[in-house]
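Student: Protein sequence lines, in the order shown, are assigned to chains A and B.
Mapped onto my numbering, the consecutive letters of the first sequence carry residue numbers 1 to 317.
Mapped onto my numbering, the consecutive letters of the second sequence carry residue numbers 1 to 295.
It is worth saying that the hints were derived from the structure and are not from the lab.
Glycine residues also receive a C-beta, built at the ideal position from the N, C-alpha and C atoms.
Certain hints may be false.
Per label pair, the in silico range of CB-to-CB distance [to be verified]:
1) Ala117/A - Arg168/B: 45 to 53 Å
2) His243/B - Arg218/A: 31 to 39 Å
3) Pro42/B - Phe129/A: 39 to 47 Å
Non-contacting residues of chain A with respect to chain B, defined by C-beta distances greater than 12 Å in every case (computed) [what the hints assert, rightly or not]:
4) Asp43
5) Leu62
6) Leu65
7) Val71
8) Tyr73
9) Val75
10) Gly98
11) Phe159
12) Pro261
13) Thr274
14) Leu297
15) Val303
16) Ala305
17) Val308
In case you want the letters, here they are:
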Amino acid sequence: MSDLPFDVPVTAGAGAGVRVGAGTLAGLTRRDAVRAAACAHLDRRRRLGRLATVMCVGALALSLLPLVALVVYVVSRGLPALSGGFLVHTPTPEGIPGNGIGNAVVGTLIIVALAMAMAVPVGLAAALFVVERPGRLSGALRLAADVLTGTPSIAIGVFAYLTFVLAFGYSGLAGSFALAVLMLPIMLRADEEAMSTVPDELWEAGLALGSPRARVVRSVVLRSALPGIVTGNLLAMARAIGETAPLIFTIFGSQFFVFRPTAPMAALPLTIYTNATEPYADAQRTAWGTALVLMVLVVLLSVAARAVAAYLHRKAR
Amino acid sequence: MTDSSAPSTSPGDKTATLTATLAEEAGHGDGAAGLLGSDATPAVTLQGVAVSFGDHVAVRNTTLSLATNRVTALVGPSGCGKTSILRAVNRLHDHTGGTVSGTIRLGELDVYAPGTSPELVRSKVGMVFQRPNPFPTMSIFDNVVAGLRFNGVRSKALLAEAGEAALRHAALWDIVKDRLRDPAVRLSGGQQQRLCIARALAVEPEVLLMDEPCSALDPVATGKIEALITELAQHVTVVLVTHNMFQAARVSDDTAVFLLGEDRVGELVEVGPTGEVFGSPRDERTRAYVTGHIG
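Based on the sequences and whatever the hints tell you, model everything.
Tutor: If you want it as structure tokens, here you go:
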């Protein structure tokens, strides 16, 4: 009673004065019995909580272990290959010093840029359709995107080979096409997600001003969803940049600097693949070096994606 | 309190006092022509309007004229169709999938005629929402002129002029004139709501729909918005949805009372000059509602 700022008359049955008749708590007042049970329960929860924390940390360590091991291994094996000029030279025959992957760096940048140019607008338009016109067609589109996301990338490579390469021959552009097909479903879902988080209140605010729907979409919905769209698309790109299988069937590879996307080109993942399967120590070192370069590139892209999204978000505040 | 089905009107009863207070608050109905009066020209007329969502009828058979440049309050308990009626006027149900039947006219314009574009209707009918909803990616100035830009106004001079006029109108100019480039979301809630009012006014609407514009605001901000509403009625016809009968009494010239019918469908019960509706309601259900017995 003393914890109340005023006196409350306690009648029998209100709990305070009543004694419990039976069990281990016999003899206590009902209030004390309830307190005792609560304390015992709290102790049990606390021990359980500690156990759960330990298990969570353990699971985290277990899941980080392969990643850390991979990074350490790639860095330790790849660093020796990174002699001066590795990033700017073209490949040399086995045993000749001055080997480099400059052509693959250039090839990857061009191929991925073109793939983005193909996939980003299509992904945006498709996502807009799904958000704007919910219905059977949108559902089918969404399902198709989910299925396509789960398709092995080698199958996408074969698809690009059958549709693009057989018609136009091996080229960087064919690789871009394959990567675009690979990125498209990821982008569609990311764009859709970003657009559907735009609150309905903003839609209505725009419409209530007498704006044409298209204008509301452009100036309000897309603008508000921009941080999410940028992040989603850059992450899709980070995923595609390391894909090897779609490129094996499409770009053929090259030993020289190629800036014309209609010709066969080199790319980082393909360089890893071809060098790693060679019997020479030199080539294998080159493969490790290239893997390190590619890994750093992906990390940089992910960080950039986060930074851009954070910047756009802050600007929107 | 006493039996709700038979409200007592004996002197000294609290209900009678409340009615008197509301009528007193509404005392500025100084004999001006009410919306049922003969010389008021209707800005908006609703004829047998019903709004339904799928199988559910939200509000039915509403016939109502809103007088030009007056404030009409739509009051009633939650779920009785006030907001549904409001959103029917600017065809916002087109966006959310509600069905509107009956006839709504804006002056001579038939709002739901096949040839009438919703954009045209909405540029004549501004709207202010329950929660302030400035565009979060835009500056204060960009928010105010958003409607003009969206409707194709490009001239910088015109935008600047219209923006300033709208902000002055919404009693916000002195507060924001030095920070027009700041993000709109940095303003306080009440200021954001006045910004939304300015944004609606910039398009030069004839009618301004306000859907419980103060429900997310504190009393001080509410007071400012209420003062503003009275001001605005000199240039624009205001339709105000509110839960707060004191607010209706304070700011409106006319009041329309909506209640739920026996079958849980909203309906218009009584409409008239605010002083009369609160002071001497003609309908028994209105009396019960304004005295706090139902709803």
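Student: Starting from the hint list further up, note which numbers the structure goes against and sort them upward.
Tutor: No numbers; nothing is violated.
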